[in-house]
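Given chain A, work out where chain B should sit, using these hints.
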Amino acid sequence: MSRTLQKAALATLVLTLAAYVALAAGTQIYDPKTRKWVDYDKNTARKYFARNKQVPDAFRRQVVTFRTAEEPGTIIIDGNQHFLYLVQPGGQAIRYGIGVGREGFGWAGIVRVGRTAEWPTWTPPAEMVARDPNAAKWAAGQPGGPDNPLGARALYLYAGDADTIYRIHGTPESWTIGLDVSSGCIRMNNDDIIDLHSRIKIGAKVIVLMQGAALYKGV
Amino acid sequence: MRQTEGDGLRQTRHTPAGPPQFTRRAAILAATVSLLTASVSLGNVQAADLVIAVPNWPSGQATANILKVAIGKTFGLEAGLREMGELNAFAALETGELDIHPEVWRPNLDAAIEKYVAEKKAVVLAKRAVPAWQGLCATEDAEKAGIKSVKDLSDPQKGALLDTDGDGRGELWIGAATWTSASIERIRALSYGYSRNLALVETEEDVGMAAVDAAVATSRPMVFACYAPHNVFELHKVTRLKEPAYDSAKWKIAPGSDPLWIEHSKADTAWPPSEFHIAWSASFGQKHADVAAFLEKVDLTPEEVTAMTYALQVERQPPADYAEKWVAENAARIEGWAKP
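For the protein sequence lines, the chains are A and B, in the order given.
Heads up: the first sequence is residues 1 to 219, going by this note's numbering.
Heads up: the second sequence is residues 1001 to 1340, going by this note's numbering.
Extracted from the complex, chain A is given alone in its bound form (with noise of 0.2 angstroms):
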């Protein structure tokens, strides 16, 4: 994004006292105390995160507006701003705030909310065991709680019938919204998670937008 996009959108934003937008260089979030855009990286969402028990407002919980011709219910996922759009009657969404795999989904297309889960259990992927002890530990599969990876919920990803292996889920690392982490599908903090699992149904339409934070980066 240029210099005048950015001012744009500087002066678009300043009312919401703490904005977000994705720049072609990374996350960055404007700063209301110092009026500049800094980088939204890993060391500034955890302060950010410790001085203010919550993330940015950009990656709140909120309603917006957001015209589409998709079905109210329906799931857009737009991993490069780290949003999810839940389609609401009268052209609006509710908006969620997400954090993105570093891989991203590498893909962009259309799913559904196969099936879901309350507390899931996680088996790390084996090359993980293999590289991590934290997660050899759980070689068998952790049980669900609140220090799980997959957090409170977990919506599973399926293309027809077939589990696609990609979920939707929870993280009790909410300092990581916003961010593009190092391992996961689409994380979001827990009460997020909750809130889109109680309003979802099962066959819910999932739009993986062709933006991700890596679509075009190897994996």
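Keep in mind the hints are simulated off the structure, nothing from the lab.
Be aware that a few hints might be false.
[As the list claims (entries may be wrong)] To spell it out: a stretch of chain A is covered by chain B in this simulated footprint if at least three of its residues, at any positions, have a beta carbon under 8 angstroms from a beta carbon of chain B; those stretches are:
1. 62-71
2. 74-87
3. 108-122
What you are looking at is a predicted structure, and each value in this text was computed from that prediction instead of being measured.
For glycine and all other residues, C-beta sits at the position ideal for the given N, C-alpha and C.
Just chain B, lined up with the frame of chain A:
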């Protein structure tokens, strides 16, 4: 829109430089979804008197449903609907597996029209057509950022405004992978030169349109392939990018059967004037001359087609219900189509 199955285009298509997993996973997903669709479609056409193709874009879907209801009420024939790609549809019209196609785009399908209509005389194209348009559109924020013509797409600074994956280079949605219009947009991008500046993305229309929705919602600029009539013009403030007027001398699209089609093609002007027609199988026309004469008289306007797609896509009216209502409201007109 026209599709590319079996014509060699997909093998030579230049895909974005994505990881191998993208292609494999996408193929698995697409195959799974296709299988699901096929099973649904087969159920729909069993015991039908005739079969109407349903393309994978909204206006064609609306017209297919309206023809189904109108033919049912007028002639007492039960029509089945079947999702089908364009080139497969032409082959199926020839074999009699399919009877009617609601929306055949020109110039996109001119090669298939030449083969099946002019040479083989296996397919009949209605003389009447709905005028249409194809090209590139910009969201309001893209226009404000100075992207107003195709020339702007070759400007690296303006191209970077369209970046959605953090690599500093913009992306441009050129249509669904199965659409031949997407192949032509690829040729145009290469011919104009903006393919050097932008990654060309092919995904289903719902993904492309949802990306427009998300871009508008966050005031991000976006440029995308678009066509009219289409409900996106009702839904968002989008403008058509300016470009040099169509020049037949500069518009060379090699046939899909040419393995070097992309190297042998060039198109650095606006699309030629576009239009779409209803088509039917010649054997069906002989068996049901009255229905063929009826199809010849269907006179939908671009405004009507836009309204149909808006009702189906935006207002989420069930296609069958909408078609019933439309046919009831246009009963006298439909009766006129059936008069000799």
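Practice prompt. Please count how many residues of the segment 108-122 of chain A have a CB within 8 angstroms of a CB from chain B and say whether that reaches 3.
Written response: Holds, because 4 residues of the segment 108-122 of chain A bring their Cβ atoms closer than 8 angstroms to Cβ atoms of chain B.
Worksheet item: Do three or more residues of the segment 74-87 of chain A come closer than 8 angstroms to chain B, measuring C-beta to C-beta?
Response: Contact hint for the segment 74-87 of chain A vs chain B: holds, 6 residues under 8 angstroms.
Discussion item. Closer than 8 angstroms Cβ to Cβ for three or more residues is the test here. Does the segment 62-71 of chain A pass it with chain B?
Written reply: holds (count 8)
The structure is consistent with each of the numbered hints, conforming to all of them.
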